[in-house]
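The residues making up each chain are set out below.
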Amino acid sequence: MIRFIAALLAVFMCSSVVAIDNDVAFEDPKLQARYEKLISEVRCLKCQNQSIKDSNVFLASDLRREIRRLIEEGKTDAEVADFLVTRYGEFALYRPRVSGKTLFLWIAPFFLVVFGGFTLYRIVRHRMTLPIDEETDSKGATQ
Amino acid sequence: MNRYLLPLAAVILLIGFLVIGLKKGDPRALPSPFIGKPAPAFELPTLADPTVTVGSKDLAGKYSLVNVWATWCAGCRAEHGFLLKLAADKTVPIYGINWRDTRPEALRWIEQLGDPYVASAFDGSGRVGIDWGVYGAPETFLVGPDGIVLHKHLGPLDQRAWQEEFVPKIRAAGGNL
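Protein chains in written order, with the working numbering: chain A, 1 to 143; chain B, 1 to 177.
Bound-form chain A, shown alone:
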């Protein structure tokens, strides 16, 4: 059984080794790490809902090539993001930058949590003031 699991694990681990990006890695592992992080956060515009790291359409490989070039030219991550946003808009980034246009995206979750918490609090407070119904309570307990 253990052997079987080991074999199964080996199979699954192999699949993660097969990468879409066949280009030569950067010599500097730091640059390579930056490159990999960047391409995993850029949306493939042609095959939306995939990152350009996971997609093999030519647009994704073109964008990888451009990002590689920018990194080689010594551009910062912010400059690479700028390059993409001026051409494709904020939508190209999986992690949109905070700006007037995207502010709503960033604050909406917090707003919803606060709003939901407040609603929950109101409901619980309201229920606490209700008289306890002995009959339904005991019924609930016996079921």
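If you are wondering where the hints come from, they were derived from the structure by calculation, not from laboratory data. Where hints are given, some of them may not hold.
Claimed, not checked - Some chain A residues flagged as far from chain B (calculated, every beta-carbon gap over 12 Å): (1) A6; (2) L8; (3) A25; (4) R95; (5) I107.
As the list claims (entries may be wrong) - Between beta-carbon pairs, the in silico distance windows are: (6) B:R3 / A:D54: 45 to 55 Å; (7) B:D158 / A:W106: 38 to 48 Å; (8) B:D26 / A:A10: 39 to 49 Å.
Each residue gets a CB set at the ideal place from its N, CA and C atoms; glycine is no exception.
Assemble chain B onto chain A, guided by the hints.
Chain B in isolation, oriented as in the chain A frame:
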């Protein structure tokens, strides 16, 4: 009654958003960040003659269309007839960007189907396509005399899109058609 008011309002709001989402058309269509901004500068060899270049300088001083096309693109075949008609009517000059294609195939396409373009730039590497924010051919840009992008149309261009999108944009910018 009052306790149903808030959920009702929320549902109506949600329906409103859904209706807007449905009416918007193609959900994969992205607004171009270049609308109202200068068209990206470019200069590329022409498809017909690699020693001659075409680029931003050719677009200056008139309304023109920049049409991104490729021989592997089915939508490009669909719109080709309409582009030929626009060119024959001498409505606006059409400049092509032959994107991510090969010269022999592109030249054969032009030879077989006709050439609506004043000139086609050959962008085999897709570099200029990226500068223009192209993500799927065919895409057609309307560029004003001052080099400002006035409109971008995704997908095949036809009479209806021309009348409803391009003509009003040109008129609004002060051009006469």
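Status of the hints after comparison with the structure:
1. A6: A6 (chain A) is indeed farther than 12 Å from all Cβ atoms of chain B, at 43 Å.
2. L8: holds, 38 Å
3. A25: A25 (chain A) clear of chain B: closest Cβ-Cβ about 22 Å, beyond 12 Å.
4. R95: Given a closest Cβ separation of 17 Å, the condition holds.
5. I107: With a cut-off of 12 Å, I107 (chain A) remains clear of chain B, as the shortest Cβ separation is near 18 Å.
6. B:R3 / A:D54: 45 to 55 Å: holds, 47 Å
7. B:D158 / A:W106: 38 to 48 Å: holds, 39 Å
8. B:D26 / A:A10: 39 to 49 Å: holds, 44 Å
Hint violations for this structure: none, all hints satisfied.
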